[in-house]
Every structure is written in structure tokens, then in C-alpha cells.
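**Q** Dock the two chains into a complex; use the hints.
So the sequence lines, in the order shown, correspond to chains L and A. Each residue of the first sequence is one higher than the one before, starting from 1 at the first, in this note's numbering. Each residue of the second sequence is one higher than the one before, starting from 131 at the first, in this note's numbering.
If you're looking for bench data, these hints aren't it; they were derived computationally from the structure. Note that beta-carbon positions come from the ideal geometry of N, C-alpha and C, so glycine has one too. Check before you lean on any hint, since a few could be wrong.
[Said to hold, decoys possible] Between beta-carbon pairs, the in silico distance windows are:
(1) 99/L to 186/A: 43 to 51 Å
(2) 185/A to 6/L: 17 to 25 Å
(3) 187/A to 75/L: 38 to 46 Å
(4) 137/A to 2/L: 25 to 33 Å
(5) 6/L to 211/A: 45 to 53 Å
(6) 151/A to 2/L: 41 to 49 Å
(7) 6/L to 214/A: 24 to 32 Å
(8) 2/L to 185/A: 25 to 33 Å
(9) 197/A to 29/L: 21 to 29 Å
(10) 216/A to 11/L: 48 to 56 Å
(11) 90/L to 158/A: 17 to 25 Å
(12) 35/L to 187/A: 38 to 46 Å
(13) 163/A to 83/L: 21 to 29 Å
These are the residues of each chain, in order.
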Amino acid sequence: MSTLAVQIADFLIAALILVGAGFALVGSWGLVRLPSLMTRLHGPTKATTLGVGGVLIASMIFWPVHEGRYTLHELLITIFLFIAAPITANMIGKAHLHRQGNYIDPNPADDIREGLPERDRWATFTTDES
Amino acid sequence: MIDFAVSAGFAIIALALVLNLYRLLRGPTRGDRILALDTMLINAIALIVLYGIYERSTFYFEASLLLAMVGFVGTVAYTKFLLRGDIVE
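Pulled out of the complex, with its shape left as it was, chain A reads as follows (with noise of 0.2 Å):
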């Protein structure tokens, strides 16, 4: 039952993606381009959680931590960037 939920998780999140894949590419403004990438990487920290109930290792825990702390701090940069013109000031 694990096994079917994993693979239906797989397919949905994998549409999500793709999803959110045609409004990075879409725009119209950059705003959705940033929140288009940053609910990519949230479903990609789903997609990885899910890949490792499939695989039974906890190896990919790191990987969707590393992700969301990433991922979050690029977001922040992206914003920072629009706002002041420069990251770092």
C-alpha cells in the first residue's frame, strides 16, 4: 500500500512540477519567476522525502535539508535584488 501511495505521490508531485515549470516560463513578471522556482524547490524537498521512503535510506534527509535552507535563502536573495538593486550592500 506504501509502495502505490509512493508512486501516486511521484506522478502528482512530478505535475506539479510541471505546473509550476510553465509559470517560470510564462512570467509575466519577475515576482512569478521567483515564486515559481521557490514552489519548485518546496516540491522538490517532497519529491526527494518521497524518494527515500522508495529507496528505505535515510541518506536523503541532508539533501532536502540542505535544499530547503538553499532554497530559501536564494529566494530571499532573488527579492533583495529586485528591491535594492544589490544583495549585499
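Extracted from the complex, chain L is given alone in its bound form (with noise of 0.2 Å):
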């Protein structure tokens, strides 16, 4: 490989590497900034993924081009990764939802203070805990 190539290509992994190192930073800051779980949720599922996926596709350029071999397993860490989250922050959500009972957490976004439904009309909420 020539070297404008492998310059072109060192350019390209520093940038991702800081890009994706940023966007991890991004989410885990929203995560320590926002008022209430349920936007907590928002930094880490969306920005924090995104980030690794930076890093990961850095690191799938950097294999080929500087030890001459190819790897698949950043990509079976970012395939299973992008299922994992969405799945993750749907549990958690439930589980928030269900454990504050009539009561809708303080947002300063949106002024909503009335309460969710009756429990017992939750279709997934089927323990008897009264």
C-alpha cells in the first residue's frame, strides 16, 4: 500500500477514534445532566453507542492497513451491541415505569404532573404486590 494511502487512512482512524471517544463522552454526560430517568435514557442508548461504533470501525480500518490482517469481530461487537441497547433501555424504562407507581417523575421539559393508569390495567404488570 503506498503511503498517501496509509496517511489517508491513519487520518481517518485518529479522526474516528476522537469522534466516537467523543460521542461516548457526549452520552455520559447527558447522563449525569438530565433531570429524570426516563430522559437519562436518551445519552447513553443513542450517543454512547455510537461512540463504540466509532471506535470499533477505527479499529476494523486500523488492522488491514498496519498488521495486514482483516478481523470481524468489531463488527460482531457492533452488530450485538446495537441489539443489546435498544432491548436494555426498553427493560429499564418498564421497569422505572412500574416501580414509581401513579406517579410521573418531575420533568422540567414538560409540566405533566397527572398519574399513569391503574396498575392492575399494565398488561405486564401481573405480580401481586398489594
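**A** Here's what the structure looks like:
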């Protein structure tokens, strides 16, 4: 491979690593900064997953260019993370909805204060807690 | 250039891990702690992949793949425990 191509690949790898790490930082900052759990779910599920995807793509470019071997592990990790993130967010949101009772937690963004429906009308809530 | 980018990536992701640790300790609900733990795992996967580039070694891919799978199962188990009071019914 010519020197120019290696330099372009190097630039691409460095940019992808920095952008990916930056997205991971933005997701974690959202986890600290946002007001309630339902809004906090947005940061890690979207920004952090995208950031890890960027780092993994950088690694996928790095190995053929510099070490001359092709790896498919990154693709596997990426696919697994992108499948797992929405399921995790759904489960956490559902657990939060069921644990918080009939109150919506305060969210300054929208001024919703009215209660949720009765618990026994929820399809997934079948334990006899009361 | 790559070494500089990898070092900067280490620093940025370490900062992200510290922010996650703050949310993990602070709470206030259990869902927040589960979410913070899950995010810490994802950031740790990024850190391990970066360390693999830094060391020029492919041994770390198995570790990160295993961490991704076990972390997902663990998070689902936590939320399932919160939802149902039991993991395997």
C-alpha cells in the first residue's frame, strides 16, 4: 500500500477514534446532566452506542492497514451492541414505569403532573404486590 | 498520529467513566444505577478496543466481546429482578 493511502487511513482512524470517544463523553455527560430517568435514558442508548461504533470502525480500519490482517470481531461486537442497546433501554424504562407507582417523576421540560393509569390495567404488571 | 489519538481517546473515555461513576453512586433511583452500570460496560468495551490498538494485539477482542454479552445479560437480569422480584421464574 502506498504511503499516501496509509496516511489517509491514519487520518481516518484518528478522526474516528476522537469522534467516537467524544460521542461516548457526550452520552455520559447526558447521563449526569439530564433531569429524570426517562430523559437520562437518551444519552447512553444513542450517543454512547454511536461512540463505541466509531471506535470499533476505527479498529476495523486499523488492523488491515497496519498489521495486514483482517478481523471480524469488531463487526460482531458492533452488531451485538446495536441489538442489545434498545432492549436494555426498553427494559430499564419498563422497570422504572412499574416501580414509580402512579406518579410521573418531575420533568422540567414538559409540565406533566397527572397520574398514570391504574396498575392492574397494565399488561406486563401481573405480580400481586398489593 | 494514531498513538496521539489513542491516548486522547483513553483520557476522554476515562472522563466518561468518571461521569458514569457519579451517576452510579448518586442514584437516585435503582433504574439510574442500572443504566449507569450498563453505560460503564459500554465505555469499558471502547476502552478495551482502544487498548488493543495501543498494544497492537488482537487478544483483547475476545474480552470485549465477552464483556458485551455478559453485560447485556446482567442488565436484563437486574431489570427483570426489579420488575418481577425474581430472575428465573
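**Q** Confirm or reject each hint.
**A** Evaluated hints:
1. 99/L to 186/A: 43 to 51 Å: holds (46 Å)
2. 185/A to 6/L: 17 to 25 Å: holds (20 Å)
3. 187/A to 75/L: 38 to 46 Å: violated (19 Å)
4. 137/A to 2/L: 25 to 33 Å: holds (27 Å)
5. 6/L to 211/A: 45 to 53 Å: Holds, at about 50 Å.
6. 151/A to 2/L: 41 to 49 Å: holds (45 Å)
7. 6/L to 214/A: 24 to 32 Å: Violated - the Cβ-Cβ distance for residue 6/L and residue 214/A, about 54 Å, lies outside 24 to 32 Å.
8. 2/L to 185/A: 25 to 33 Å: holds (27 Å)
9. 197/A to 29/L: 21 to 29 Å: Cβ of residue 197/A to Cβ of residue 29/L: about 23 Å, so the range 21 to 29 Å holds.
10. 216/A to 11/L: 48 to 56 Å: Since residue 216/A and residue 11/L have Cβ atoms about 52 Å apart, the given range 48 to 56 Å holds.
11. 90/L to 158/A: 17 to 25 Å: holds (21 Å)
12. 35/L to 187/A: 38 to 46 Å: Since the Cβ atoms of residue 35/L and residue 187/A sit about 42 Å apart, the hinted range of 38 to 46 Å holds.
13. 163/A to 83/L: 21 to 29 Å: With a Cβ separation near 23 Å, residue 163/A and residue 83/L satisfy 21 to 29 Å, so the hint holds.
Hints 3 and 7, counting from the list given before, are not met by this structure.
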